[in-house]
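Position chain B with the ligands relative to chain A; hints supplied.
Chain by chain, the residues run as shown.
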Amino acid sequence: MKRQQMYFRMISASLLRRRSRMLVALLAVTIGATILSGLVTIYYDVPRQMGAQFRSYGANMIFTAAADSDGLTTDQVERASALIDAEDLVGLAPYRYESVRINERPVIAAGTDMAGAQSTSPYWFVTGEWPSGDGEALIGKAVSNTYRLGPGDTLTAQYVPEHAADAEEVEPIERTFKVTGVLDTGGSEEEYLFISLADMAALTGVDDRLDVAELSVSGGQPKLEEYAEAIAAGVPEVTPRLVKRVTQSENTVLKKLQALVLLVTVIVLLLTMICVSTTMMAVVSERRKEIGLRKALGASDNSIIMEFMGEGLLLGGIGGLLGSGLGFAFAQMVSRNVFNSSITFQPLLLPATIVVSILVTGLACLSPVRSATDVDPALVLKGE
Amino acid sequence: MSLLEVKNISKVYPGLKALDNVSLTVNEGEWVAIMGPSGSGKSTMMNIIGCMDKPTSGEVLLDGVDIAKESNKNLTNIRRDKIGLIFQQFHLVNYLTAVENVMVAQYYHSLPDEKEAMEALGRVGLAERAKHLPSQLSGGEQQRVCVARALINHPQLVLADEPTGNLDETNENIVLDLFRQLHREGTTLIVVTHDPEVAEAAQRTIVLEHGRLVKEIINENFVS
Ligand SMILES: Nc1ncnc2c1ncn2[C@@H]1O[C@H](COP(=O)(O)OP(=O)(O)O)[C@@H](O)[C@H]1O
Ligand SMILES: [Mg+2]
Numbered sequence: 001m002k003r004q005q006m007y008f009r010m011i012s013a014s015l016l017r018r019r020s021r022m023l024v025a026l027l028a029v030t031i032g033a034t035i036l037s038g039l040v041t042i043y044y045d046v047p048r049q050m051g052a053q054f055r056s057y058g059a060n061m062i063f064t065a066a067a068d069s070d071g072l073t074t075d076q077v078e079r080a081s082a083l084i085d086a087e088d089l090v091g092l093a094p095y096r097y098e099s100v101r102i103n104e105r106p107v108i109a110a111g112t113d114m115a116g117a118q119s120t121s122p123y124w125f126v127t128g129e130w131p132s133g134d135g136e137a138l139i140g141k142a143v144s145n146t147y148r149l150g151p152g153d154t155l156t157a158q159y160v161p162e163h164a165a166d167a168e169e170v171e172p173i174e175r176t177f178k179v180t181g182v183l184d185t186g187g188s189e190e191e192y193l194f195i196s197l198a199d200m201a202a203l204t205g206v207d208d209r210l211d212v213a214e215l216s217v218s219g220g221q222p223k224l225e226e227y228a229e230a231i232a233a234g235v236p237e238v239t240p241r242l243v244k245r246v247t248q249s250e251n252t253v254l255k256k257l258q259a260l261v262l263l264v265t266v267i268v269l270l271l272t273m274i275c276v277s278t279t280m281m282a283v284v285s286e287r288r289k290e291i292g293l294r295k296a297l298g299a300s301d302n303s304i305i306m307e308f309m310g311e312g313l314l315l316g317g318i319g320g321l322l323g324s325g326l327g328f329a330f331a332q333m334v335s336r337n338v339f340n341s342s343i344t345f346q347p348l349l350l351p352a353t354i355v356v357s358i359l360v361t362g363l364a365c366l367s368p369v370r371s372a373t374d375v376d377p378a379l380v381l382k383g384e
Numbered sequence: 001m002s003l004l005e006v007k008n009i010s011k012v013y014p015g016l017k018a019l020d021n022v023s024l025t026v027n028e029g030e031w032v033a034i035m036g037p038s039g040s041g042k043s044t045m046m047n048i049i050g051c052m053d054k055p056t057s058g059e060v061l062l063d064g065v066d067i068a069k070e071s072n073k074n075l076t077n078i079r080r081d082k083i084g085l086i087f088q089q090f091h092l093v094n095y096l097t098a099v100e101n102v103m104v105a106q107y108y109h110s111l112p113d114e115k116e117a118m119e120a121l122g123r124v125g126l127a128e129r130a131k132h133l134p135s136q137l138s139g140g141e142q143q144r145v146c147v148a149r150a151l152i153n154h155p156q157l158v159l160a161d162e163p164t165g166n167l168d169e170t171n172e173n174i175v176l177d178l179f180r181q182l183h184r185e186g187t188t189l190i191v192v193t194h195d196p197e198v199a200e201a202a203q204r205t206i207v208l209e210h211g212r213l214v215k216e217i218i219n220e221n222f223v224s
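Sequence lines, in order, name chains A and B.
The numbers in the numbering used here rise by one with no breaks, and the one at position 150 of the first sequence is 150.
The numbers in the numbering used here rise by one with no breaks, and the one at position 213 of the second sequence is 213.
One chain only, chain A, in its complex shape (with noise of 0.2 Å):
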């Protein structure tokens, strides 16, 4: 038999059949395992899918009226975003709103090109359906409470059309919408009912006329600038306006979260090695009749450094392998509950993971390996 497989024999022995004692170090190994490619995969994974949609997809240039005209129409956006370049025209969403009563009660209706929202707000979250056609209704989450609405339900909206102080009083223009779904977003346009441009035009009398458009275009800053430039120029009415403040906002809380997730991360890696090295020491104090056994049957120093390393190596081994499956459903488990999205597996993350388990489990061993050579035989296999 070679010395190499009496070596693995020797300490696989001892981790299996003395499982009680390594449980808790490779308990400690295989949560900090955990953690760390836990934490490891949400903090490159999470930024990059909401990166790619806050920076690809999501609303980034704003065409309001000119300060003067009271409102845009169809016509001015389209002469505007036609000095778009199509391909860098992801998403064109136009916005008009109008204070409308269900029930006596106030609230805003947002008239939309629902394809259009779908495409610069991809994380708006929608149970049940987009509305598809003219005479269906998507309400927000608040909206949906406060009437006790869902899909399938049908709600009447009221229209005051405004008219001068001293006229008489005017017929409200009332319509029925069918709901296909409700909105959840965390933001205001939870409070907000949205409906087709050809339904806000049949309920308020008036047609064609916008508040705002929203529009997602790729491209770096410059070039938007640029585009900007170019609008303000070429269509006065319409005056664009980059919404830098959204995406940077984005970003200042990624930074913010992704030092949060390195320190916490750093944090538990010294927790882990605590603890191992604690496991450890009592490991080596308690096996020092083992030793100065070993010694008195010719064993030198390195042998029992080779021999304990070997066993602590062998357990951040098998921690890390389990920690990295853990840790992958940990951060599956926090990404869909908390970012509403799921990541895909990083197969460098398995190694990774492992390498690093290793290498903190072999520096947490070095001090109690060491003094395990300080056994003198003579003392330790005394009788009585």
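Accuracy of the hints is not assured; some may be wrong.
Computed list of lysine-lysine pairs in DSS-like fashion (alpha-carbon distance at most 30 Å, straight line) [stated by the list, open to error]: (1) B:LYS115 <-> A:LYS2; (2) A:LYS289 <-> B:LYS73; (3) B:LYS115 <-> B:LYS131.
Listing some non-contacts, in silico: residues in chain A with all C-beta distances to chain B over 10 Å [said to hold, decoys possible]: (4) ARG105; (5) ILE274; (6) ALA299.
Interface residues of chain B toward chain A, partial, derived using beta-carbon atoms under 10 Å [as the list claims (entries may be wrong)]: (7) THR76; (8) ILE83; (9) LEU92; (10) LYS215.
These are calculated hints, taken from the structure and not from any lab test.
The beta carbon of each residue, even a glycine, is placed where N, CA and C say it ideally should be.
Showing chain B with the ligands alone in chain A's frame:
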């Protein structure tokens, strides 16, 4: 030819002389017993001969080498190559099976050889118990595993410190029979014991008292 020559060794602990000017010569193939009351310095003497401790003064020639002057590292190598140890408390590795415990001695000495280790266990009558852990073996069986471990590397000198101290009479006789076999094969044996019966199995007995060699008895009835 003498294998071991202990010349005027003393071992001094603060306020105590554990060994006081002891000399002893053991020839190759000889079987010597060391007797004496508790605390008389028997284990101290065995540890020095077994290269696990050094005398405060004096010379210890093992196979012509003065082990009192060797470095700890060399002592480890000498112990590994020349000496087989048997203890009162057995000292088996508790998570290794009987045969694996024997193989540990091979591992540090040269190459582990499971077949040879099984043969050694067969010699001490434990072939069937080879895959058992120490906790599954009786005291007598554990001590027989230790004997197998001590002889696996064919040491020139076997040192046994109270080998039968924890055994009943049946197992004591089994171990003594194993010693007789080793002696017939030419192995040099030094056995520390309290038990006059165990001492009488040897060719010669020396008696220690307060660290001094006080008596030497030749066993006239020795049968090999
Ligand atoms: N490491 C030590 N430090 C101090 N005193 C010791 C040490 N080892 C042994 N002694 C003392 O030396 C004496 C001889 O001990 P030992 O050789 O173990 O006796 P025996 O084996 O004959 O019972 C005892 O009094 C013991 O207390
Ligand atoms: Mg003793």
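Checked hints:
Restraint check for B:LYS115 and A:LYS2: the C-alpha separation of about 13 Å stays at or below 30 Å, so the hint holds. Taking the CA atoms of A:LYS289 and B:LYS73, the gap is near 19 Å; set against the 30 Å cutoff, the hint holds. With a C-alpha separation of about 13 Å, the suggested pair B:LYS115 and B:LYS131 falls inside the 30 Å cut-off, and the hint holds. With a least beta-carbon separation of about 76 Å from chain B, A:ARG105 lies farther than 10 Å from that chain, consistent with its non-interface assignment.
Remark: the non-interface label on A:ILE274 is consistent with the geometry, its nearest Cβ contact in chain B lying 26 Å away (cut-off 10 Å). For A:ALA299, the requirement that its beta carbon stay farther than 10 Å from each beta carbon of chain B is not met, with the minimum near 5 Å. Look at B:THR76: its Cβ gets to within about 6 Å of chain A, closer than 10 Å, so that hint holds up. Using the Cβ-Cβ criterion of 10 Å, the hint placing B:ILE83 at the interface with chain A is satisfied: the shortest such distance is roughly 9 Å.
With a least beta-carbon distance of about 8 Å to chain A, the hint placing B:LEU92 at the interface is held under the 10 Å criterion. Of the supplied interface hints, the one on B:LYS215 is violated, with its beta-carbon coming no nearer than about 22 Å to a beta-carbon of chain A, more than 10 Å.
Hint compliance for this structure: hints 6 and 10 are not met, and every other hint is.
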